[in-house]
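First residue of the sequence shown: 0, per numbering that gives the first Met the number 0; consecutive thereafter.
FYI, nobody ran anything at the bench for these hints, they're computed from the structure.
C-beta: ideal position from N, C-alpha, C; glycine also.
Incorrect hints may have been included.
As the list claims (entries may be wrong) - Pairs of lysine-lysine residues, derived as PhoX-like cross-links and limited to a Cα-Cα distance of at most 25 Å, are as follows:
no., residue 1, residue 2
1, LYS212, LYS131
2, LYS307, LYS251
3, LYS212, LYS307
Unchecked claim - Label-pair restraints from in silico Cβ distances:
no., residue 1, residue 2, range
4, GLY63, ASP299, 53 to 61 Å
5, VAL169, ASN70, 31 to 39 Å
6, THR238, TRP374, 57 to 65 Å
7, LYS297, GLY185, 52 to 60 Å
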Amino acid sequence: MFRIRLGQACCLVGFLPFTAVASNGLNLIGYGAESVAMGGADVAVAADTLALNTNPAGIARLGGHALDVHNAVAHALNVSHADSLGNDQSVSNRLVPVAGMGYVSRPMDSRCAWGVAFFGQGGAGFVYDDVKTVFGSVDEMSSLVRIGRLSPGVACETGGGLYLGAALAVIRADIRQKVFPSTSTGLFSGMDLKGAKGWGTTVKLGMLATVSKTLTLGVSFTPKVELPLRDGRLISNQTATGLGLVTYRDVKIDGLALPTELSIGAAWRPNDDWLLSAELSWLDWSAAATRSTLTARKPDNATASDIKLMSTLGWRDQMVLALGAAWNLKARTVLYAGLNLARNPIPSSHLTPILAPIGERHWTVGFKRALGSEWSLTFATEYQVRNTVTYTNPEFPLGLDATARNECVAMHVVLGRRW
Numbered sequence: 000m001f002r003i004r005l006g007q008a009c010c011l012v013g014f015l016p017f018t019a020v021a022s023n024g025l026n027l028i029g030y031g032a033e034s035v036a037m038g039g040a041d042v043a044v045a046a047d048t049l050a051l052n053t054n055p056a057g058i059a060r061l062g063g064h065a066l067d068v069h070n071a072v073a074h075a076l077n078v079s080h081a082d083s084l085g086n087d088q089s090v091s092n093r094l095v096p097v098a099g100m101g102y103v104s105r106p107m108d109s110r111c112a113w114g115v116a117f118f119g120q121g122g123a124g125f126v127y128d129d130v131k132t133v134f135g136s137v138d139e140m141s142s143l144v145r146i147g148r149l150s151p152g153v154a155c156e157t158g159g160g161l162y163l164g165a166a167l168a169v170i171r172a173d174i175r176q177k178v179f180p181s182t183s184t185g186l187f188s189g190m191d192l193k194g195a196k197g198w199g200t201t202v203k204l205g206m207l208a209t210v211s212k213t214l215t216l217g218v219s220f221t222p223k224v225e226l227p228l229r230d231g232r233l234i235s236n237q238t239a240t241g242l243g244l245v246t247y248r249d250v251k252i253d254g255l256a257l258p259t260e261l262s263i264g265a266a267w268r269p270n271d272d273w274l275l276s277a278e279l280s281w282l283d284w285s286a287a288a289t290r291s292t293l294t295a296r297k298p299d300n301a302t303a304s305d306i307k308l309m310s311t312l313g314w315r316d317q318m319v320l321a322l323g324a325a326w327n328l329k330a331r332t333v334l335y336a337g338l339n340l341a342r343n344p345i346p347s348s349h350l351t352p353i354l355a356p357i358g359e360r361h362w363t364v365g366f367k368r369a370l371g372s373e374w375s376l377t378f379a380t381e382y383q384v385r386n387t388v389t390y391t392n393p394e395f396p397l398g399l400d401a402t403a404r405n406e407c408v409a410m411h412v413v414l415g416r417r418w
């Protein structure tokens with residue numbers, strides 16, 4: 000029983016979806032180049048179609064038709080793992096792509112606008128090849144995640160400079176994970192999980208209030224969303240006990256969720272050339288990442304037992320402070336800068352090499368250039384300052400006093416059209 004529990008725990012602790020892109024826990028610091036360039040301080044700005052994922056009230060201020068196409072790539076400068084077994088290596092998947100797009104329309108003479116946005120991500124996660132284990136083997140550990148979010152929404156101008164908006168978020172996630180799949184001992188069975196996928200839905204509510212010609216306040220709220228994963232297949236290496244590679248054809252994971260989020264912010268225009276923005280967000284990870292249950296049934300070997308394991312995640316809440324500035328350099332050019340600060344939400348006793356979104360400080364810069372009367376290009380660079388955490392996770396077989404490092408840079412570009 001200990002052999003199965005230990006092996007399965009190693010798989011389970013890394014199941015929450017995350018990305019190697021600079022982030023606040025599992026969330027990106029911003030969506031779209033302008034949002035990122037201002038350090039994520041955009042709940043009171045919400046200036047493009049991707050506001051459907053930050054503050055949907057903002058789409059009512061776009062007018063006419065608006066289209067934004069977002070592409071980005073993150074590069075792992077120093078995303079690495081070291082431990083007392085002699086491991087000290089960086090991830091092998093150093094590049095992570097991110098993409099999204101949105102469209103908004105506000106009919107003529109209407110107080111309301113509608114829109115839809117899609118946020119996609121491919122090949123995210125951490126992959127470590129040739130890791131030394133406590134069992135004397137050298138093996139792979141990896142976690143690869145794809146998450147797609149479809150957000151249709153509507154927003155209306157109610158009068159007096161007040162805008163209200165709501166967007167539905169339909170989320171799909173799938174996961175593939177390997178934890179020492181070629182290793183089998185009397186106490187440990189390596190794992191290879193694939194095909195686990197799930198759907199979740201929630202809403203994002205937003206408000207923008209124009210207090211004066213120079214000051215705008217913004218608020219957004221998103222309830223917690225459960226992400227049950229189903230239809231997975233798990234290969235358990237039980238060679239040491241004479242069972243060989245056992246395939247479990249029915250794998251499900253329960254208890255995983257994205258957190259309740261509350262953001263408040265203010266945007267101040269002291270003059271026509273400057274915009275200063277601040278945002279404070281609360282992410283309720285302590286209620287979303289608490290405990291997970293993995294159940295693996297229908298083994299292809301009749302003598303193999305079903306697996307059921309509960310694992311404690313024990314994350315803590317995050318408070319995120321974002322500060323941003325925009326300066327109209329010329330009639331067609333805007334410069335941006337931002338800062339994003341947040342505490343690492345994962346306690347040291349629950350950290351693993353393949354679930355280590357430990358970034359806490361992010362610096363951002365960017366610019367926007369108008370291309371004629373309708374088109375524009377926005378660029379942003381995002382740097383996540385290196386953070387290092389030393390930890391001992393009793394559920395992961397990598398010895399004592401392991402070290403996680405996370406430092407990365409990302410480049411974002413958005414092609415936009417207004418007509």
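Could you tell me which of the numbered hints above are not met by this structure, giving the numbers in increasing order? 1, 3, 5 and 7
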